[in-house]
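Colleague: Top line first, the protein sequences correspond to chains A and B. Going by the UniProt record's numbering, the residue at position 32 of the first sequence is 32; the numbering climbs one at a time, nothing skipped. Going by the UniProt record's numbering, the residue at position 129 of the second sequence is 129; the numbering climbs one at a time, nothing skipped.
The set of hints was computed from the structure by calculation and includes no laboratory data. Just to be clear, a hint being listed does not mean it is correct.
As the list claims (entries may be wrong) - So these bits of chain A aren't anywhere near chain B, every CB distance computed over 10 angstroms:
1) R41
2) V43
3) Q44
4) G46
5) D56
6) G64
7) S113
8) A117
9) E138
10) F144
To be verified - Under the rule of at most 30 angstroms between Cα atoms (straight-line distance), these lysine-lysine pairs were calculated in the BS3-like manner:
11) K117(B) with K69(A)
12) K34(A) with K109(A)
13) K109(A) with K69(A)
14) K69(A) with K127(B)
15) K117(B) with K140(A)
16) K122(A) with K117(B)
Every residue, glycine too, gets a C-beta built ideally from N, C-alpha and C.
Listed here are the chains, written in short residue letters.
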Amino acid sequence: MDESTNELDVGKDGEGLPSTLSSFSSSCTLQQPKALHTFSREVQDGLLHFQILKLDKQLYIWVGCNSAKLGQLYASMPTPFERTPSLATLIGGTADNVGASIARRLALKTGWSIVLACNLPKNSPNLEAQAEIQLLQELKTLGFVNRATS
Amino acid sequence: MNEPSHAHKVPSFPVSSKEFSTVVQGIKTDFILSSYDDYIFVLVTQLGKMGTLLQARKEEGYGAEITFTVSVLLGKHDEPMLRACARQLIERTSDMGSSRPLLLSLGLKDHSRGTLKEIVERVCENKVW
Numbered sequence: 001m002d003e004s005t006n007e008l009d010v011g012k013d014g015e016g017l018p019s020t021l022s023s024f025s026s027s028c029t030l031q032q033p034k035a036l037h038t039f040s041r042e043v044q045d046g047l048l049h050f051q052i053l054k055l056d057k058q059l060y061i062w063v064g065c066n067s068a069k070l071g072q073l074y075a076s077m078p079t080p081f082e083r084t085p086s087l088a089t090l091i092g093g094t095a096d097n098v099g100a101s102i103a104r105r106l107a108l109k110t111g112w113s114i115v116l117a118c119n120l121p122k123n124s125p126n127l128e129a130q131a132e133i134q135l136l137q138e139l140k141t142l143g144f145v146n147r148a149t150s
Numbered sequence: 001m002n003e004p005s006h007a008h009k010v011p012s013f014p015v016s017s018k019e020f021s022t023v024v025q026g027i028k029t030d031f032i033l034s035s036y037d038d039y040i041f042v043l044v045t046q047l048g049k050m051g052t053l054l055q056a057r058k059e060e061g062y063g064a065e066i067t068f069t070v071s072v073l074l075g076k077h078d079e080p081m082l083r084a085c086a087r088q089l090i091e092r093t094s095d096m097g098s099s100r101p102l103l104l105s106l107g108l109k110d111h112s113r114g115t116l117k118e119i120v121e122r123v124c125e126n127k128v129w
């Protein structure tokens with residue numbers, strides 16, 4: 001690939017060109033914010049790791065506990081037909097649905113489509129609850145959850 | 001330069017990732033690559049959305065025969081170029097020594113062969129595996 005294509009992403013004086021994505025910044029290369037937001041939180045039952053990626057009315061989220069496996073993958077989206085967002089299990093497919101309700105609640109609270117990769121141990125409802133609390137806190141800080149749903 | 005100047009590596013978090021933005025066939029394209037223990041996640045978007053989610057894996061059959069399978073998890077089941085892209089990516093990553101399946105998210109404006117070929121190249125240039 002011709003290196004000059006990189007110049008198209010940044011103007012000559014470092015000023016950004018308009019981006020089609022609000023979450024991707026093509027501004028000055030010196031301080032480009034990362035689109036993939038990662039953080040870790042120590043909670044009562046363990047160390048949790050999170051990735052949050054904001055897209056256009058969509059969130060990709062990964063949550064792991066002491067592990068870097070992908071976990072079960074869910075997609076949840078609000079539907080005009082009922083109050084409860086739809087849910088699909090994309091990877092995982094066992095009866096144990098760790099993370100399924102988290103995905104649904106996130107879709108409900110943000111109004112967005114959620115793709116959630118959840119790598120939490122089975123039979124740890126405390127950990128699941130703690131993970132959801134941390135996630136919501138972070139989403140509130142980021143401004144993606146800003147009001148109680150009616 | 002081997003990789004785009006604004007590709008970020010995240011070292012201390014258990015999952016390493018890279019993200020970068022480039023122009024593919026005239027369209028601004030954003031890439032996020034994330035390396036999990038058991039999957040490689042590749043998100044490529046021109047629309048700002050995840051688009052179609054595909055899974056691609058390599059399986060070893062009888063007599064060390066290798067087969068690649070691609071399945072659409074969410075989105076366009078009937079877009080052969082997306083499947084072809086997933087197929088190419090799993091073959092290439094496999095060639096490069098990776099045995100992990102791919103989770104691929106493609107939110108593209110353009111499904112042309114040229115675009116998909118370039119996408120495969122950009123991903124392979126920025127390996128996280």
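Colleague: It remains to establish, for every hint, whether it holds in the given structure.
Modeller: Quick rundown of the hints versus the structure:
Consistency note on R41(A): stated as away from chain B, and its beta-carbon is indeed over 10 angstroms from all of that chain's, at 12 angstroms minimum. At roughly 16 angstroms, the least C-beta separation between V43(A) and chain B is larger than 10 angstroms, which holds for a residue marked as non-interface. For Q44(A), the requirement that its beta carbon stay farther than 10 angstroms from each beta carbon of chain B is met, with the minimum near 20 angstroms. At roughly 13 angstroms, the least C-beta separation between G46(A) and chain B is larger than 10 angstroms, which holds for a residue marked as non-interface.
With a least CB separation of 4 angstroms from chain B, D56(A) falls inside the 10 angstroms interface cut-off, contrary to its annotation. Against chain B, the non-interface label of G64(A) is violated: not every CB pair exceeds 10 angstroms, the least being about 7 angstroms. Chain B draws S113(A) into its interface by the beta-carbon criterion, the shortest separation being 8 angstroms against a cut-off of 10 angstroms. The beta carbon of A117(A) sits about 8 angstroms from the closest Cβ of chain B, which is not more than 10 angstroms, so the claim that it is off the interface is violated.
Its beta-carbon lying about 14 angstroms from the closest one in chain B, E138(A) satisfies the requirement of being farther than 10 angstroms from that chain. The claim that F144(A) is not at the interface with chain B holds, since no C-beta of that chain comes within 10 angstroms of its own (minimum 15 angstroms). Between K117(B) and K69(A) the alpha-carbon distance is near 29 angstroms, which keeps this suggested pair within the 30 angstroms criterion. Straight-line distance between C-alpha atoms of K34(A) and K109(A) comes to about 24 angstroms, which keeps the hinted pair within the 30 angstroms bound.
The hinted pair formed by K109(A) and K69(A) meets the criterion: a straight-line CA distance of about 26 angstroms does not exceed 30 angstroms. Distance restraint check for K69(A) and K127(B): the Cα-Cα separation of roughly 18 angstroms lies within the 30 angstroms cut-off, and the hinted pair is therefore satisfied. About 39 angstroms separates the Cα atoms of K117(B) and K140(A), which puts this hinted pair outside 30 angstroms; it is violated. With a CA separation close to 40 angstroms, the supplied pair K122(A) and K117(B) exceeds the 30 angstroms bound.
The structure shown violates the earlier hints numbered 5, 6, 7, 8, 15 and 16.
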